[in-house]
Structures are given as structure tokens and as C-alpha cells.
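Participant: All chains should be built: construct the whole structure from the sequences, respecting the hints.
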Amino acid sequence: QVQLVESGGGSVQPGGSLRLSCAASGSIFSINTMGWYRQAPGKQRELVARISSGGSTGYADSVKGRFTISISRTNAKNTVYLQMNNLKPEDTAVYYCNAVGTLFSWGQGTQVTVSS
2 QVQLVESGGG SVQPGGSLRL SCAASGSIFS INTMGWYRQA PGKQRELVAR ISSGGSTGYA
62 DSVKGRFTIS ISRTNAKNTV YLQMNNLKPE DTAVYYCNAV GTLFSWGQGT QVTVSS
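Quick note, the sequence shown lines up with residues 2 to 117 if you use this note's numbering.
Source of the hints: derived by calculation from the structure; they are not laboratory data. Remember, it's a predicted structure, so these values are computed and weren't measured experimentally. Keep in mind that a hint or two might mislead.
Capping the alpha-carbon separation at 27 Å, the derived lysine-lysine pairs in DSS-like fashion look like this [said to hold, decoys possible]:
no., residue 1, residue 2
1, K89, K65
2, K44, K65
3, K78, K44
Facilitator: Put into C-alpha cells, the structure is as follows:
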């Protein structure tokens, strides 16, 4: 059973930066495309960034040029990161990581709040 644990959220002013982390149990990244999703109040969950097992990345238009997804793989630990720069109020949401396609169970997410 794969478990995903997100962290790194917080409250920042517009223009600020945050780095989210997702720690995953099990060696999943060699076979899965992983992504960061977000869900804002009253909206559907959306995929904002993805990274393939080969390292290819893709981004939603709303975050392109501001967010960067990356993966760290070790024998003991697998972590996917989301570096978020130049944050905007519309980035406020709960952020989750998960596979793209066949999903694992969702983690608890991490709250990101951008306001002045």
C-alpha cells in the first residue's frame, strides 16, 4: 500500500515562494508519472504539474514559468517536490501529490494560502 505525505505549505504574501514536499512509501517513481494537484474551495481538484519516470515535466498554463516539479530518488526514500515562485492569490488551495492516471490513495494534502 503506497502512502503519500505532503508538507511544506503555509501562508505567504503575493510574490512569495514555497517549496512543497511529498514523501512516498514504496518505490513507485520508477514506474509512475507523478503529479501535484490542487483543490481550491468550491472547485474541482486539478493537476498543475507532472513529471514522468524519465524526468519529462508538464505544467498547467496557470502555473507555467512559476512552478517547478522535481523528484529525488534514493533506495530508502522517494520524494517529489514542487517549487512555487511568484505566488498569486489564485494559487490558494490544498495541494496534493499523486500518480497521474491510476491514482493511489490521497494523502492529507498541505494548505497553501496566498494573501496580503
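Participant: A separate judgement is required for each hint: does it hold in the structure or not?
Facilitator: The hints, checked one at a time:
1. K89 / K65: The given pair, whose Cα atoms are some 13 Å apart, holds under the 27 Å limit.
2. K44 / K65: The given pair, whose Cα atoms are some 20 Å apart, holds under the 27 Å limit.
3. K78 / K44: violated, 32 Å
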